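Same order as they appear, the protein sequences are chains A, B and C. Going by our numbering, the first sequence opens with residue 1, and the numbers climb by one from there. Going by our numbering, the second sequence opens with residue 1, and the numbers climb by one from there. Going by our numbering, the third sequence opens with residue 1, and the numbers climb by one from there.
No lab work stands behind these hints, which were simulated from the structure alone. Keep in mind it's a predicted model, so treat the numbers as computed, not measured. It is possible that some hints are incorrect.
[What the hints assert, rightly or not] Distance ranges between label pairs, derived from CB positions:
| # | chain 1 | residue 1 | chain 2 | residue 2 | range |
| --- | --- | --- | --- | --- | --- |
| 1 | B | Pro52 | C | Lys398 | 13 to 21 Å |
| 2 | B | Ala14 | A | Trp144 | 44 to 52 Å |
| 3 | B | Gln9 | A | Phe241 | 42 to 50 Å |
| 4 | B | Trp244 | C | Gly241 | 22 to 30 Å |
| 5 | B | Ile142 | A | Phe241 | 50 to 58 Å |
A virtual CB, placed ideally from N, CA and C, is assigned to each residue, including glycine.
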Amino acid sequence: MSAKTLKIYLIARFLQYIFVVFLGLTLVFFIPRLLPQDPIRAIIGQFQQHGAGLDAKTVETMVTTFQELFGLSGSLLTQYTSFWKRILTLDFGPSFFQFPTPVSQLIWRFLPWTLGLMLTSTIAAWLLGNVIGGIAGYFSQKRWAKLLDTLATVIRPMPHYVFGLILLILFAYLWKIFPLGGGASIGKNPSLTIASFLDILRHSFLPVLTMVILNGVAWYHQMRLLVQNVKNEDFVHHAKFGGVHTWRLVSQYVIRNAMLPQVTGLALSIGQIYSAAIIVEIVFSYPGVGTLLFEAISRADYNLIMGIAAISIFMVSTLVLIVDLCYPLLDPRIRYR
Amino acid sequence: MGILRELFQDYRFALGFTFLSALVILAFLSFFSPYDPVEWLQVPRDMPPSWPHILGTNSKGQDVFWEATFAIRNSLIIAFIAALLSRIIATIVGLLAGYKGGVTDQILMFFTDGILVLPLVMMLILVASIMKGQLSLIGLGILLAFFGWPWDARTIRSQVLSLREQIFTQTAILSGKSVLSLVFGEYMPHITPLLLSTVLSNMTWSISSEITLAILGLSKLETPTLGTMLYWALRRQALLLGYWWWIMTPIILTLVLLVGLYFISVSLCEYMDPRSRLQRATME
Amino acid sequence: MIQKEEVEGMRRVIWLSVSVLIAGILLISYPVLAQPREETLIHDTVTGVIGTPDDFNVWAGWRWPDRGLHQYCLEPLWIAEPATGEILPLLAKEWPPEYNEDFTKMTIRLREGIYWNDGAPFTADDVVFAVDLHKRTPQLLMHGPMAEYVKEVRKIDDYTVEIELTRPNSRFHSYFLDRWGALRPMPKHVFEKVEDPLTFKFNPPVGTGPYVLESYDPAGYWTTWKRREDWDRSATGKIYGEPKPKYITTRVFATEEAKILALLNGELDLAYLSVEGMRAAMRAPHVRTWRKEWPWACNIDPFVPGLVLNHMKEPYNIRDVRWALTLAINIEEFMTIAADLMAPVSPIHIPPVPAYRKAYFEPMYEWLLNFELDLGNGEKFKPFDPEVPSKLASLAKKKGYPVPEDPEAIKDIFGIGWWKHAPDVAEKLLKKHGFFRDEFGRWHLPDGSLWAIQLLGHPEPTTFHHRTMLAAADQWRKFGIGVETWTPLQFTTLNLLGEFDINTTWAALEPWGAGVDLYRTLWPFHSSQVRPIGEYVAFDPGGSSRWSDPRMDEIIAELEKVDIADEKTTIDLGLEALKLLVEEMPTIPVYGGIAFLGWSEMYWTNYPGAENLYPHPWHWWPNFKLTLPFLKPSQK
């Protein structure tokens, strides 16, 4: 592979990344502004609803102060330019219903949990799904492989919310093995101790399990299909006749070759995994971006929804870019027009 | 006809086809429903399955069986609209990019990959939460189509790319055939089976996305769809209250629908795969 | 050879799963809570995830006070208690406060022997400081009223404060009356050292209440409070005794399923639920509800869900149209959809809570029975139906609920009556103004167009707004009017702006729920509060209707001249106002506020249920500290 094609690939890919982020964030800016909503009055409405006897004069004073803070003063163009200025400093403004906490602060607080969940479950699902899929694909005539197949096919279309809820009820309520939710026990703040680590592990087990099973079956199916095809290829037959042990055959020859398309698949599925993580977090009250988004939706917190959307676009695009950039390193056969 | 017979020999296609036909029949039954799909309190609430309510009644006072027929119908409609629209867009984009190549191809793929990378459910949530409850069935279908076409545009493009290299293309161009008749006349038969299998996977994606949006409470909650049925059952604590008939119905129907779609698409894919075709040919 | 490999692989898989299982079991032996469970009271919050977990400065903005802050740490001068209908003095010595003749001076006497939780004594200095700080700091929440009404605030002695007003205000004390929020005294010795009171985080919070902050979740999901060593130096402790739980933890749940499971598991003691959530939780033997018998729901929450009509939109400015819409409702079906028959109906604009039953509902009963509508053609109609409670009762019985027979109990559960379901009379009223029905039975406006109501509801489906919307939509559709329900995120904003036909916020602003003064509820209907569509009104419940009437203005003006201690005149004026509201029906009140509570008796008992109504049943209200001395641990 020539250096020139690699350079072109990288530049083109990077340009595309910038474009996607730009397009996504512009959408995020405009969509909420298409509505006749005034978030400021909504906050004040909330204060009043909870009995903070505000009279008209107090309200007026607050409105002007808030308008400045939320970046809602000035023409649309002014707002758009200041929006970009703020984005570059990662300032999405204050959250409406968790005023005055800035949106970015909220997201930074919750994002690490989501990333942790995504990374662990993606890797686990990918590994387990591919390995088990590979084995099942090779031994596809066996009874257990066929059973596994049926199970995987039935589980695959399950809505994440329902599956998560069932696991929650089974393992946290009926059999009290795992906690009912949250990220850590109450009264304990996560710290860098083994005890704290185990505590977090305990709370993360069910959400991770849900994600691993539901995402893993997709990898399982794909791998199985690939292996079934590869296993009939000539080079495999030759190896078998040459006396290569089955296990070595399956891992070194069959799975290895089927793996490559799975890596591209991984890049493209990051968006899906993120979406799944959001739903699963809600079921388990896991303190990640999903729960934050759910709260934002229920509380009509536009700034927060926008902030999460913006960060999601940015984060997912970046992750995909990273995987894409690693791909040419893995595949010696890449040809680029 | 021979094709169909061959397909039916694969147990997966047979099963999938049966599932889908059963669901389509159920969807048609909705036109004969004795109950209005939206009104509350039409029948006594929270009754377990018994005659004449064979799947019981829910907490809103509706017959679960007849609700389900509407739900399947509406979900299928959304999926069809989304699949149809996105096929059209995907085909146009894929054909253009694959055939024209060069700059056109690069620009189109630029956009396609760009949309592919976005976390789609997040974008759906953003739009749906803004339009809360105003999205009709058709509106939702269009929204899903808007985000659903990129994946298959790529697949079609690769197919067109390989077709272009084939000899018959050169022959056709040399013999003076117009581009349009070449593309639609010669390529389409090759692309059509591909389109079919992508239709199915797109429908699956549309249905799952609709369910996700509905569970978060972002769709028009009065319209019965598989997703909104689940939403109501979950919100009204059907699971914890023991009204298993209310929550199991949409889950089982969803499973049957998606598994059926999956089976058909998998068997179609295998059928079209040139290697297995060869196997079949040699076996005859 | 092949078989050995397979066995090898199988063994590996088994080993893996076993080790996972062991790891899982190892992780089990870990406690859920940091402090002893049987000494802790755990309950949920209703306001969601705390956005400012390390900030407790309630005077500077919204700080999620129900995380334990206003319940256990802070105390007000006076507090409104809806369960008994009384106003209780906590940091003040007595109720009511003293006004001079023309309501330009208010004197407050303070309780002695109270200390802040850091040891400093509570004196008049703190009250003077708070009022003065609010007067000169524009961004504090309660700045407006203090700047407007306070001419000067001074201390007479260590326990007496005198406030001189800029102009007469017989209800100035209401800014200090805690009804889920008020201007509470601030610790002067803490705030006087602070440069900017707006950004000061007030962490840890210094209050006079019986609890101090113990720890909190930096992500905002829980807060734990610990009982003060010197709890007897708090107003609560002094008046009511030692609060029994040593620790209190408030928790936030993302979904209701999680909340219910926690309640069933014994990880939660008190929970605010939806009606289905309550029914699901009740199935566990250790979970009880506010009322042990049906309808289980707590029906003394002082607010009135109903329908608010926009008087600046045709045809809702026509009184007969409003009455027609009222009579088109079949209250039995409505209450089934909205509250599963568990709420008491209310024909007037205040809730049937203990404070108002004797003062208003009893005297109104006769009047309601005789109230007549003029149908125009000489016909008169009496719309009040006193049989509604028994009709609702038999409907509930049919559904299999164990409804009591005692007519007093039925009145208590279902209310005193509501309006008849009279679609024929409604038709007459509408036809009088030119409305007509087409061959499909659909209603048309006098100008010929199809009548379609845009009904605005709250997007969150467990709210009363949302359920009222569903019920009203169902009923009016059945009557033949096209109803389009809409639940946008900006529900409150649209209400305030007047961009709706009919919305489902409370029919009138929540009253105090204690004492007999209705001024608070009537004020939003004053003509000075009305704003055109596109401009914001100050009050959403009631006020968003933009209705006013010179007769109401007169009543309000009269009420302003009445001393709060003069109960008789206050009630008389209140009755006049309520009657006017019934005649004009600017908004349609339907039922009294209810709360669906689940209480677990696994660790605590002697809760303030219906059979045992002492201080206060709601754990998200600031009054809950008054209940704590009476709880009993159930595990000793």
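Hint numbers contradicted by this structure = 2, 3 and 4
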